[in-house]
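2 protein chains.
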Amino acid sequence: MNSFIYLVPILGIVGLIVMAFKSAWVSKQDAGDAKMQELAGYIADGAMAFLKAEWKVLGIFVVFASALLAYSGTIHEVNGVAIHSSWIISIAFIIGAVFSATAGYIGMKVATKANVRTTQAARTSLKQALKVSFTGGTVMGLGVAGLAVLGLGGLFIVFLSVFADLGENTVKTAIEVLTGFSLGAESIALFARVGGGIYTKAADVGADLVGKVEAGIPEDDVRNPATIADNVGDNVGDVAGMGADLFGSYVATILATMVLGQEIVVEDKFNGMSPILLPMVICGLGILFSIVGTWFVRIKDEKSSVQNALNLGNWSSIILTVIASFFVVKWMLPETLNLRGVEFSSMDVFFAIVVGSLVGAVMSIVTEYYTAMGKGPVKSIIKQSATGHATNIIGGLAVGMKSTVIPILTLASGIIASYYFAGLYGVAIAAAGMMATTAMQLAIDAFGPIADNAGGIAEMSQLPPEVRERTDNLDAVGNTTAATGKGFAIASAALTSLALFAAFVGIAMPDNQHIDIYKANVLAGLFVGGMIPFIFSALCIQAVGKAAMDMVQEVRRQFREIPGIMEYKAKPEYEKCVAISTKASIREMILPGAIALITPLIVGFTFGPEVLGGLLAGVTVSGVLMGIFQSNAGGAWDNAKKSFEQGVEINGEMFYKKSEPHKASVTGDTVGDPFKDTSGPSMNILIKLMSIVSLVIAPYISGIGSTSADKACCEEHGTKTEKACCENHGAEADSLECTMDDVNGCDMSKCATMSKDECAKMCDDNGCSPEQKEECMAMYDKDGKFIGKGCDMDKCATMTKEECAKMCDDNKCSPEQKAKCMSMYDKDGKYIGHKK
Amino acid sequence: MNSFIYLVPILGIVGLIVMAFKSAWVSKQDAGDAKMQELAGYIADGAMAFLKAEWKVLGIFVVFASALLAYSGTIHEVNGVAIHSSWIISIAFIIGAVFSATAGYIGMKVATKANVRTTQAARTSLKQALKVSFTGGTVMGLGVAGLAVLGLGGLFIVFLSVFADLGENTVKTAIEVLTGFSLGAESIALFARVGGGIYTKAADVGADLVGKVEAGIPEDDVRNPATIADNVGDNVGDVAGMGADLFGSYVATILATMVLGQEIVVEDKFNGMSPILLPMVICGLGILFSIVGTWFVRIKDEKSSVQNALNLGNWSSIILTVIASFFVVKWMLPETLNLRGVEFSSMDVFFAIVVGSLVGAVMSIVTEYYTAMGKGPVKSIIKQSATGHATNIIGGLAVGMKSTVIPILTLASGIIASYYFAGLYGVAIAAAGMMATTAMQLAIDAFGPIADNAGGIAEMSQLPPEVRERTDNLDAVGNTTAATGKGFAIASAALTSLALFAAFVGIAMPDNQHIDIYKANVLAGLFVGGMIPFIFSALCIQAVGKAAMDMVQEVRRQFREIPGIMEYKAKPEYEKCVAISTKASIREMILPGAIALITPLIVGFTFGPEVLGGLLAGVTVSGVLMGIFQSNAGGAWDNAKKSFEQGVEINGEMFYKKSEPHKASVTGDTVGDPFKDTSGPSMNILIKLMSIVSLVIAPYISGIGSTSADKACCEEHGTKTEKACCENHGAEADSLECTMDDVNGCDMSKCATMSKDECAKMCDDNGCSPEQKEECMAMYDKDGKFIGKGCDMDKCATMTKEECAKMCDDNKCSPEQKAKCMSMYDKDGKYIGHKK
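Residue numbers (our numbering), protein chains in the order written: chain A, 763 to 1598; chain B, 763 to 1598.
Be aware that a few hints might be false.
The list treats identical chains as one, so a pair stands whether inside a single copy or across any two.
Unchecked claim - Subject to a maximum C-alpha distance of 27 Å in a straight line, what follows is the list of computed DSS-like cross-link-like pairs (lysine-lysine):
id, residue 1, residue 2
1, 1092, 934
2, 974, 1333
3, 974, 1420
4, 1592, 1518
5, 1523, 1568
6, 1592, 1523
7, 934, 1589
8, 1563, 1523
Calculated from the structure, these hints are not laboratory results.
Same shape as in the complex, but just chain A (with noise of 0.2 Å):
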C-alpha cells in the first residue's frame, strides 16, 4: 500500500490539534463575576441532561442496530450474488455514531465555555467579543472535520489491511464496510438534529409566548422560568445538532464519492486508487485551509463589519481549497478516467468541483436575499404585516415558496454541469468541493448561537446594555450566517443525495442501470417518497407546537405559584422547564426517525430496488424543496420582525416593536422558528439518511422485484414484451431469445466456429450455468453440426416456408416462435422478412 494514504488520517489530526490548543485558549479566558458563572453553569448542566437523556435512547438504537448489521454482514450471498460485506461493519456503524456524538459533544462543551466568555469579552470590546465567540465555533469546525477526516481515513486503512487477503475485492468490502461508518453518522445526526430542534424551539416558542406576549417581561429575562431552558436549547439543537448533522452531511458526501470512485479502473501512482482518495485529500486540505481562514477573521474596532471580516475568512479559504484541488487532481489522477461509459479527463473533474463551489456560492447568495434585512423580500413581509397576523403568514408562505425557484434551477443546473463534466463522479465530487471548507462553514454557522447565549446571560446578569449591543450584533450577523449556512448544507445534500442514489444504482442493479418513472410502481414509489418530507415536517412542527404548549402551561403554573417571581424574590425552578424540553425532544423525536430508517427497508425488501429508486427520488426532490421553502420562509419571518426593533415604515407610517404591525410579526417569526430551526434543516439529513440506508441494503435487494417480473413476463409473453422484459434486466435480447446470451461470458454465438464439443468445453471452461450450457447445445444439430441458435428465424430468409416450419418444430420453438416464424412469409408462401 502506498504510504501517502496516511496522509489523509494525519490531515484530520492536525486539525484536531487545533482545535485543542483553540480550546485551552477560550477555557483560559475570563468567565465574569460569580452570577454569570452560575447562569452558565445552568446552562451547561442542562445541555448535559439533554444530551445524556439523548444518549441513553440512541445508545439502545445503536445496539440494536449494529446487531442487525453484524448479522446482515454474515450473508455472504443473495440469490447467487455474492456479497462484499462483513460483520465488521457494525463496528464501522458504532465508531460512527460514537464519532458523531463526539462531535456534537465537543461543540457543546466549548460552546457552553464560550458563551460567558463571550459575555465577558464583551464587557470591553466588540473586537474581543468576536474572537472568543468565533474561537469557540472554530474549536466546533475543526473538531468536526477532523474527526470525520480522521474516522474516514483510518478506517479505510484499517479495513484495508483486515480484508487484504481479499484479493481484487479488497477494496470494494472495505468501502462497503466504510458505509457503515456513513451510516452510524447519519443516523445520529438526524436523531441530534430533529431532537436538539425540537428542544431549542419549543423552550424557545414556549419562553417568548408566555414571557413577552403574556407577562411582557422582555426576552432572556432572568425571571422567565423558560430562560434557562431557552439558552440550554440553543445549544443542544444550534450547536450539538448541527455538529452532528454537519459531521453526518461530511461523511456522507466523501463516502459517496468513494463509493463512485471505486468503480473507476485507472492506472496510477496509489494503485488505482486516486479516484478514492481524492475526495478524502481535497477535504482534509480544506480542513488545513480553514485554519488558515480563520486568520482573516478579526475586526479592528467597534465600527468594523463583523459579517466582512467572516466572509473574508469563509472566502479565502474556499478558495484556497479551489486553487490547491487544481494541483492535487493534476498530480493524483490520470489523464482520462471512465465511469460507467462516461469518460472524463482529470481537469474535467477539476472543473467539477468548480461547479460544486459556485453552486455552494450561489445558493448562499440567494438565501441570504431571501432572508436578509432591507431587501425585497423580508419587505413585503414587513409590509404585509400592516394589515395584520393573516397577512404576515400569507407573506412568509409567499416568499419560501418563491425562495425555491433560483436554487433550484442551480442545483439543476449544477447537476447537469457536474455530469457534464466528469459523469456521476463529477456529481459527487462537486458536492466534497462544496464541503471541503465545513471546518469554516461550522466555525462560521457555530459562533453565531454562542453570540446569542452571551447576549442572554449578559440580559439574565443584568450588565449594562452596551454588552448586549454588542452581543446583539454579533447575533444579528449569526442570523444571516445561519440562513446562508442552511442554503448551502442543502445543496450539498442535494448533490451527495444523487450520488449515493447512483452508488445505490450501481450495486443494487448491476446488470440493468434504470429507474424508470414511467412504470407504475415505480411512479408510485416516487408519490411515497415525495409525502416522506410532508409527514416528517408535520412531526416536527407538531412536536415544537405541543412541546411548546406544555412549557407555556408550566410557566404559567410558576408564575401563579411561586409569590415573589416577578420581584426578583424568588428563583423560578429552571431545571422544570429543562425537563420539559428534554422529555418531549427525546419522545418526539423517535417517530421521524423510525419513518426516515424503515422505510427504504420496507420498500426495499418488498418491491426491490427500483421501487425504492423511485422512493429516494420523491425523497429528494421534495426534500430539498420543503427544506428550502421552510428555512427561507422561517430566515425572512425572523428578519422581518427584527426589523420592527430598528423601527419600520410602511405607507409612510412608522412602526416599532409593540405596535399592531410588530405583533402580527411576532406570529410570523413563532410559526417560522420550527420551519427555520426544526424541521427545514433536518431535510437535508433526511434525505441523505434515506440513501444511506438504502446503499447498506442495497447488496441484499438486488433482484427483487422487477427483475423476477421481468423474468416470469418474458416466459409468458410474445415477442413484444419479451424484447421489453429482456432489455429491463439487462440481457442483450437476440431476437426471440432471451434467457442467456453473453450476460456472463456465455455468448452462444461463439459456438458458430466451433464444433459441438468445443462449444461444449467452452461452456464449461467459462462457468455458464446448466441451462446455458444446455442451449448451447441445442444449436447442433442431432449430427453434431452447428445450426445456429434454437429459433433463429433469420435462418429462414434461405428455406422455404415448409422448411422453416420444420426447423421450427425440430428445434423446439415456442408456438409465438414458430408463429412469428410464418409471419415471414406472404401468403404465396414467398419469404418477405420480417417488419419491425
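With chain A held as given, fit chain B onto it using these hints.
Using the frame of chain A, we list chain B on its own:
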C-alpha cells in the same frame, strides 16, 4: 362506421336537454322582493363584468395559441418521422376553449339566478331551499358533463370523417387533433380557476379584514363596500371557475383513455374502436345515472339531514354507473386486450374501474376526516388556538402536511392495482370511471356557493334570522362537500396525469419507452418540475394577499370619505370594489398561467422528451402533494373557526366568537382561504395542463435530446458505453457492435450460414443502409470466408494472444476494442476471458 358511435353525443345532448328543463324551472321560481332583486342584480352584473374582462384576455390568448397550433398542424414530418396532425387541431382548440368558457357561463348564469330564489325559498322551508339551490347545482353539473361528452363525441365523429381518406392513420389523426379540444378546455380552466380563485379570495379576505375585524360589522353586511364583490367572488370562483376546471378535467381524463385505447389493437364489433369508445360511453352513462341520482336528493322537513340526502344521491349514481360499466365492458370489449405488452381481459378493465371508484371514495372520506368539525384534526387546531395566532397556524400547517399520508398511499396503491389489472389503460380507465359521475359531483359542489350567496342576500336584505339559519345549514354542508370534492379532483388528476404521461411517452419516444431518473438531466428535470407547484402556489397566494390589501385600502377610504355609510344613510360604492377584484385577478392570473403553458415547451424543445418526462413526473408528484396539503389545511382552519360559533371547550373552559382563541382561529381561516380556494385547487389543473401541452408537442420533440447524444456517444466511446447507449436508443447491442444489427431487419448474424454473395444480396433485399451492408461485408475475410463480426473478441477464446491481436488488426478494430481483447489474456498470454 358503426352507428353505435352516435350514442355518445346523444347522451351528451340528453344531459343538455334535462339541463334546459331544470334551468327553466329555476327561472320560474319566485325571486323575492325588490330589495333582494336589486342586490342579486348587483351580484349578477359584477359576475358578468368579470367574465367579460376575463374573456377579453383569454380571447387574445386563444387567437395566438390557435395560430401557433394551426402552424404546427402543417408540419408533417420531423426528423424523418411522420406526424399525424392537421391544422384542424386549432379549430378543435378553439371549440374546446369556447365550450369550457360556456360551461362556466352556464353555471354562473344559473347560480346568479338560483341564489336569490334560494333566499326566497328559505323564507318558507329548508326543503324548498335545498330544492332550488341543488337544482341550480344540477344545471351546472349537467351543463359541464353534457358539453364535454357532446364535444368529444361529436368532434370525434366529425374528425373520423374528415380524415377518412388517411386509411390506417384515420383514427390516430382524429385523436391527435382531438387533443387540441382538451388543450383548449384545460387552458381556459386554468385561467378561470386561478383568476376566479384570486377574485373570490381577494374580496373575501379584504371584506373580512376591514369589515369584521376593523369595523365590527357582521359578514355580508350591506354597509360593507366589499360585500358585493365577496358575493360575486363566490360565483366567479367557486362556480364559474370550478365549472371550467371540472370541464377541463373531465375532457382530459376521457381523452387520455382514448389516446391509450387507440394503441390497443382488437377485433370487435366497433371496427376495433371499443377501447377508444369505452370511456366516452361510460361517461355518457354517468350523465344518465347522475340524473337518476338527483331524484334521491330530497329531504322531508327542517330536521332532515341535508348531508345524508346528498350522500344518497351521490352514492346511488356512483353505484349505478359501476354496475352499468360491468355490462358495457362485457359487451363492448373483446375477451383479451394487450397494451404495450401487458395483456388483460375485459373483466380486468372493469376491475380497474372499480379500483378508480374505490380510490375516489377513500380520498373523499379521508379529506372529510381531516377537514370536518368535531374530528381530531380540526379539534387539535382549536386546542392550539388557545395559545395564540402562531400555534393555530402551526397546527393547521401540520394537519395539512399530515393529511397527505393516507391519500398518497391510497393513490400509490390505486396506481399499482389499476396497472396490475389492465396496464396503463387500467390507470386511465380508473380515472375515467371515477370521473363518470362528474355531473352529480358538480351538482353537489356547486350548490354550496349558491347557498352561501343566498345567505349573503338574506343578510344584506335584513331578512329574519331563520332564513339565514336555513341557508347556513346548507352552506355548512356545502363546505364539507367542497372539501371532499377537492380530494376527489386531485385523485382523478393524479391518475389522469399518469395516463397522459403514458400517452406522451408512447408518442414522443416510441422506440425507447424509458424515463430514467437515474440520468442526471432527467433528475434535473424532476427537480425543476417539483419546483413549479411551489412557485405557482406562491404567485397565487401572493396575488390574493396583494389584492386583499388593495381592497382593504379602498374600503377604509369609503368608510372615511363617504359619510353616513354606517348609519345606512349612504350607499357604498360597491362597483369600485368589484373593479379592484376584477382588475387584480385578471392581471395576476397571467404569470402562473404562462408558467404552466410555457415551461413544457421550453424544456421539451431544448432537452427532449425524456427530460420533459422527468419534469412532468416532478410536477405531478409535487402538485398532488401541494394540492392535498393546501386544500386540507385550508378546510381544517375554516372549520376550526366555524366551531367557535357554537362554542368550543379548551382545557375545560368554553370559548365563543370574539374570544382570543377565536381571533387566532380567524387568522388561520384567512391564511387558509387562498390555500383552499386559489392555489390548492389549481394544482390539479396545473399538472394536467402541463401533461396535455406535452402530449400536443410530443410528436415534434421526438428525437430531441438523448437519442442524438446517445448516437454520438456510440460512435465515440468504448464497449460499455456503447452498450449502454445502444440500449438507450432501443437497438439490441450485440457485443461490440451497435451501429447496425437487426434494428431494421439487417441481422448480420444471418450471414454466418451464407456465402459473402448471399449475404450481400440479403442486405440489399432487406433494405439495409450502406453502412450496414459494409459492416456485413467486413465479416468475410479476403478469401470470402466468413470470420464473424469485425471485432468479435469472443473468437479469441480459441486463439493465442498473437492471433487475436492480428485478427483485431486485420479487421480494423478500434484501439479500445483491441485493448479489451488483449485484456482477456493474462501476463503469460493465457486466455482468461473477460470479466463483466
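### Task
If the cutoff is 27 Å on CA atoms, where do residue 1523 and residue 1568 land: within, between, both or neither? Let me know, please.
The answer is between: 24 Å across copies meets 27 Å, while 29 Å in one copy does not.
### Query
Using 27 Å as the alpha-carbon threshold, which applies to residue 974 and residue 1333: within, between, both, or neither?
within (18 Å within a copy, 44 Å between copies)
### Query
From the Cα coordinates, with 27 Å as the cut-off, is the pair residue 974 and residue 1420 best called within, between, both, or neither?
Classified as both: same-chain Cα gap 10 Å, cross-chain 23 Å, threshold 27 Å.
### Task
Classify it for me, residue 1592 with residue 1523: is the Cα-Cα distance of at most 27 Å met within a copy, between copies, both or neither?
So residue 1592 and residue 1523 pass the 27 Å test across copies only (16 Å; inside, 40 Å).
### Query
When no copy is named, should residue 1592 and residue 1518 be tagged within, between, both, or neither for a Cα gap of at most 27 Å?
Between copies, since 22 Å is at most 27 Å while 33 Å is not.
### Task
With 27 Å as the alpha-carbon cut-off, assign the pair residue 1563 and residue 1523 to within, between, both or neither.
between (35 Å within a copy, 19 Å between copies)
### Query
Should residue 934 paired with residue 1589 be assigned to within, between, both, or neither, using CA atoms and 27 Å as the limit?
Classified as between: cross-chain Cα gap 24 Å, same-chain 59 Å, threshold 27 Å.
### Query
Under a CA distance limit of 27 Å, which applies to residue 1092 and residue 934: within one copy, between copies, both, or neither?
within (25 Å within a copy, 57 Å between copies)
Of the hints listed earlier, there is not a single one the structure fails to meet.
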